[in-house]
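Student: Protein chains in written order, with my numbering: chain Z, 1 to 502; chain L, 1 to 244.
Hints are computed from structural coordinates only; laboratory data are not their basis.
One or more hints might be untrue.
Stated by the list, open to error - Under the rule of at most 20 Å between Cα atoms (straight-line distance), these lysine to aspartate or glutamate pairs were calculated in the EDC-like manner:
hint, chain 1, residue 1, chain 2, residue 2
1, Z, 133, Z, 58
2, Z, 120, Z, 54
3, L, 65, Z, 409
4, Z, 385, L, 227
5, L, 68, Z, 14
6, Z, 413, L, 239
7, L, 46, Z, 54
8, L, 68, Z, 58
9, L, 65, Z, 27
10, L, 68, Z, 414
11, L, 65, Z, 14
12, L, 68, Z, 54
13, Z, 66, L, 239
14, Z, 305, L, 61
15, L, 65, Z, 331
16, L, 65, Z, 414
17, Z, 355, Z, 233
18, L, 68, Z, 384
19, L, 65, Z, 410
20, L, 237, Z, 62
To be verified - Per label pair, the in silico range of CB-to-CB distance:
hint, chain 1, residue 1, chain 2, residue 2, range
21, L, 132, Z, 58, 28 to 36 Å
22, L, 158, Z, 62, 49 to 57 Å
23, L, 240, Z, 336, 30 to 38 Å
24, Z, 58, L, 233, 14 to 22 Å
25, Z, 301, L, 69, 54 to 62 Å
26, L, 32, Z, 244, 35 to 43 Å
27, Z, 18, L, 26, 38 to 46 Å
28, Z, 365, L, 229, 44 to 52 Å
29, Z, 301, L, 18, 52 to 60 Å
30, L, 132, Z, 130, 37 to 45 Å
31, L, 78, Z, 336, 27 to 35 Å
32, Z, 329, L, 18, 19 to 27 Å
33, L, 240, Z, 198, 25 to 33 Å
These numbers come from a predicted model, not from an experiment.
Using N, Cα and C, we set each Cβ at its ideal position, and we do this for glycine too.
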Amino acid sequence: MYIKNDPSEATQIDPLEMPALCPGAMEGSNPWVASPDHQASCGFPGELVDNWQEKAIEKMGELLTKYRSLKVYLDSCVKCGACTDKCHYFLGTGDPKNMPVARQDLLRKVYRRHFTLAGKWFPKLVGAEDLTKEVLDDWYSYFHQCSQCRRCSVFCPYGIDTAEISMAGREILDHIGKGQKYCNEIIGKVHTIGNNLGLNKNALRSTLEGLEEDIEDDIGVPVKLPLDKKGADILLVTPSADFFAEPHVDGLIGYAKVFHAAGANWTISSYASEAANFGMFIGSYENMREISLRIRQAALDLGVKRIVFGECGHAWRVAYSFLNTLAGPFDFLDPRYPVPQHICEYTWDLIQEGKLNFDKSKNDHIKLTFHDSCNVARATRMGDKPGGQFEIPRAILRTVCNYYYDMPEDTIKEATFCCGGGGGLLTDELMDLRKKGSSPRMKALQTVNQEHGVTHMAAICAICKTQFAKVMPNFGFERDSILSVHQLVSNAIILEAPQDDE
Amino acid sequence: MLTTIYACLFYVATVVLVVGFANRIRQFATTPAPLKIPTMPAPTTKTGVAFRLFREVAFFESLFKANKWIWVFGWVFHMALAVVLIRHLRYFVQPVPEVLALVQPFGVLASFAMVAGLAGLWGRRFVVERIRYISRPSDHLMLALLMGIGLSGMMMKFVAHTDIVAVKAFFLGLMRFQIQPIPADPILLVHLTLVAVLMIVFPFSKLVHSAGVFFSPSRNQVDNSREVRHLAPWAAKLEADRAR
Numbered sequence: 001m002y003i004k005n006d007p008s009e010a011t012q013i014d015p016l017e018m019p020a021l022c023p024g025a026m027e028g029s030n031p032w033v034a035s036p037d038h039q040a041s042c043g044f045p046g047e048l049v050d051n052w053q054e055k056a057i058e059k060m061g062e063l064l065t066k067y068r069s070l071k072v073y074l075d076s077c078v079k080c081g082a083c084t085d086k087c088h089y090f091l092g093t094g095d096p097k098n099m100p101v102a103r104q105d106l107l108r109k110v111y112r113r114h115f116t117l118a119g120k121w122f123p124k125l126v127g128a129e130d131l132t133k134e135v136l137d138d139w140y141s142y143f144h145q146c147s148q149c150r151r152c153s154v155f156c157p158y159g160i161d162t163a164e165i166s167m168a169g170r171e172i173l174d175h176i177g178k179g180q181k182y183c184n185e186i187i188g189k190v191h192t193i194g195n196n197l198g199l200n201k202n203a204l205r206s207t208l209e210g211l212e213e214d215i216e217d218d219i220g221v222p223v224k225l226p227l228d229k230k231g232a233d234i235l236l237v238t239p240s241a242d243f244f245a246e247p248h249v250d251g252l253i254g255y256a257k258v259f260h261a262a263g264a265n266w267t268i269s270s271y272a273s274e275a276a277n278f279g280m281f282i283g284s285y286e287n288m289r290e291i292s293l294r295i296r297q298a299a300l301d302l303g304v305k306r307i308v309f310g311e312c313g314h315a316w317r318v319a320y321s322f323l324n325t326l327a328g329p330f331d332f333l334d335p336r337y338p339v340p341q342h343i344c345e346y347t348w349d350l351i352q353e354g355k356l357n358f359d360k361s362k363n364d365h366i367k368l369t370f371h372d373s374c375n376v377a378r379a380t381r382m383g384d385k386p387g388g389q390f391e392i393p394r395a396i397l398r399t400v401c402n403y404y405y406d407m408p409e410d411t412i413k414e415a416t417f418c419c420g421g422g423g424g425l426l427t428d429e430l431m432d433l434r435k436k437g438s439s440p441r442m443k444a445l446q447t448v449n450q451e452h453g454v455t456h457m458a459a460i461c462a463i464c465k466t467q468f469a470k471v472m473p474n475f476g477f478e479r480d481s482i483l484s485v486h487q488l489v490s491n492a493i494i495l496e497a498p499q500d501d502e
Numbered sequence: 001m002l003t004t005i006y007a008c009l010f011y012v013a014t015v016v017l018v019v020g021f022a023n024r025i026r027q028f029a030t031t032p033a034p035l036k037i038p039t040m041p042a043p044t045t046k047t048g049v050a051f052r053l054f055r056e057v058a059f060f061e062s063l064f065k066a067n068k069w070i071w072v073f074g075w076v077f078h079m080a081l082a083v084v085l086i087r088h089l090r091y092f093v094q095p096v097p098e099v100l101a102l103v104q105p106f107g108v109l110a111s112f113a114m115v116a117g118l119a120g121l122w123g124r125r126f127v128v129e130r131i132r133y134i135s136r137p138s139d140h141l142m143l144a145l146l147m148g149i150g151l152s153g154m155m156m157k158f159v160a161h162t163d164i165v166a167v168k169a170f171f172l173g174l175m176r177f178q179i180q181p182i183p184a185d186p187i188l189l190v191h192l193t194l195v196a197v198l199m200i201v202f203p204f205s206k207l208v209h210s211a212g213v214f215f216s217p218s219r220n221q222v223d224n225s226r227e228v229r230h231l232a233p234w235a236a237k238l239e240a241d242r243a244r
């Protein structure tokens, strides 16, 4: 920790500090364009098609008939300005096109020109514009400066969700042959291999066996991480980053210990070895559906009774909100449990039943806060009450940690900030954007660091964890100041060593 | 001649408003929402959703969370407009029900609140740099139109009274297809012209937000995706390829 614990300084940091407007500040921010192979693997044309203007308008027209959200949101904005200071990328960059309404207007002005009377007859009056090369470039740049975190939608009087707009924008870009490399390459890997990392079955098996050895060396208890175990009760679907990235893997070890303590018969599937679903980032129902169907297939093949998801933000959105739609009905699973369940719901249920024992002092070197991952907070639920997605992870953390402090109220729960790397932006060429976009969250962390001496922040999203590990050093924190929620569970859980071996 | 022009204007404006707005609502209602996207935390029952929408429409709950200045100006304007509109019903019914007579003094006061709210909203378009950046000419014109309607109406109440009995006879006549003469009072004619323009642009402008708020999936969906399978017709067709 570099920052001194000095309460007098805390008042000087304002996570919501308004930047000066800097038009064009981020117009040069562009992710790499997908290669023809990446495009083909998702079913899109390899490169920018000749009649791209015509095709883009045609696709927009199609989406307007398929998505009520798009139609209502493009029509309903009154430019009241409520959203203008709500986006972390705007707060971090000052670029006015990162104000949610201005980002929407990039699409809305073309919509008005082609699909509304006012825009056809009086384009100047209503700000309608043709789809020129400049507008297309703006689309590519600024629809990849939205992490689809939905913070703007909380504050919009009509609930306009810029995520829906940037998803539609990316869907159009994909269909005219200008996709984004990071997302489309990853989606291709899931379609062919089963996870974002391209980790095949053998590599996965040896990774899991390695983890089993590590755990046994560490605590002397033979905790297992079964793979493709037919007849298991629980299928765990977790982001593939959990298999080796830090601090993700410590979370995976935590899930395994919880399953072990509960005596659960569980398994990971090599066929559906990915919880994340990048099909959502690019607004592609078809790709999202195909990825989701792998989970259904794995559940059927392995004959499980329940599906539990690991710590992953957007994954939990697709799982909680969309999985039943995309790959349901799950009438072949045990009806006593919701489908799917979050690992935090699973663990919290066990805690309430008194089935887990903890030594909280094992986490006494940590003063903790919790980062509500954007998509968990604003696009999902946990438990049976609205807001359970905020309460359950905190309840777990308070069970396993003695020192817990929340960040300022206007930066957590439904008003939480994105980590700065969500929505398909977690790629190195966007590092400048990622650092700037993380600043509101990092400033909020600095305030609790100064007020309460908070040393660590826990999260339940693979993207958040990777992003924070990367950007934290820029804000005075060690890169290992970001932790998995189940890593803290793992630290504190008490497992019985086997009584009598052999 | 004047009477004929205004009679035609109001018949056209009414048809455009009703047909145009109904058509817009039909578009919103018939476009499927293929995925569950309520902004969470969201209600888990339909009653809860109705309550959420009520809070949104009656109190501008989300706007209140967002920005207190915009909320104050916007809420005051909308509520005052509602009272003013109710007060105006007296010109379309004969005899005037007692309830409407009771509203009368509040309606007169509300006109000040309405214009003040509009002035606040308009001022922000000039003063706040972020909102200046997102404002288009049509955003200013819409405020000018509403302001013009409000001010011309107040002129007739507080400065130069028009022959309101004749105006009422004109509108009651329109409703019965028996055209009565309209007073040739310039302020009245400005007021009525602006109202007709508002009715005509309503279905083709951002004023459709009045319907949009009820059709916004992030506000009107129930949080029950794990319990109830939600499937759009076009998405159901994709399932033909599914083996099991």
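Student: Hints first: check each against the structure and report whether it holds.
Tutor: So, going through the hints one by one against the coordinates:
no.	hint	result
1	Z:133 with Z:58	holds (17 Å)
2	Z:120 with Z:54	holds (16 Å)
3	L:65 with Z:409	holds (12 Å)
4	Z:385 with L:227	holds (13 Å)
5	L:68 with Z:14	holds (19 Å)
6	Z:413 with L:239	violated (36 Å)
7	L:46 with Z:54	violated (41 Å)
8	L:68 with Z:58	violated (40 Å)
9	L:65 with Z:27	violated (30 Å)
10	L:68 with Z:414	holds (18 Å)
11	L:65 with Z:14	holds (18 Å)
12	L:68 with Z:54	violated (43 Å)
13	Z:66 with L:239	holds (16 Å)
14	Z:305 with L:61	violated (42 Å)
15	L:65 with Z:331	violated (40 Å)
16	L:65 with Z:414	holds (11 Å)
17	Z:355 with Z:233	holds (18 Å)
18	L:68 with Z:384	violated (32 Å)
19	L:65 with Z:410	holds (10 Å)
20	L:237 with Z:62	holds (16 Å)
21	L:132 with Z:58: 28 to 36 Å	holds (35 Å)
22	L:158 with Z:62: 49 to 57 Å	holds (54 Å)
23	L:240 with Z:336: 30 to 38 Å	holds (32 Å)
24	Z:58 with L:233: 14 to 22 Å	holds (21 Å)
25	Z:301 with L:69: 54 to 62 Å	holds (58 Å)
26	L:32 with Z:244: 35 to 43 Å	holds (41 Å)
27	Z:18 with L:26: 38 to 46 Å	holds (41 Å)
28	Z:365 with L:229: 44 to 52 Å	holds (46 Å)
29	Z:301 with L:18: 52 to 60 Å	holds (57 Å)
30	L:132 with Z:130: 37 to 45 Å	violated (24 Å)
31	L:78 with Z:336: 27 to 35 Å	violated (48 Å)
32	Z:329 with L:18: 19 to 27 Å	violated (42 Å)
33	L:240 with Z:198: 25 to 33 Å	holds (30 Å)
This entry does not satisfy hints 6, 7, 8, 9, 12, 14, 15, 18, 30, 31 and 32, going by the numbered hints stated previously.
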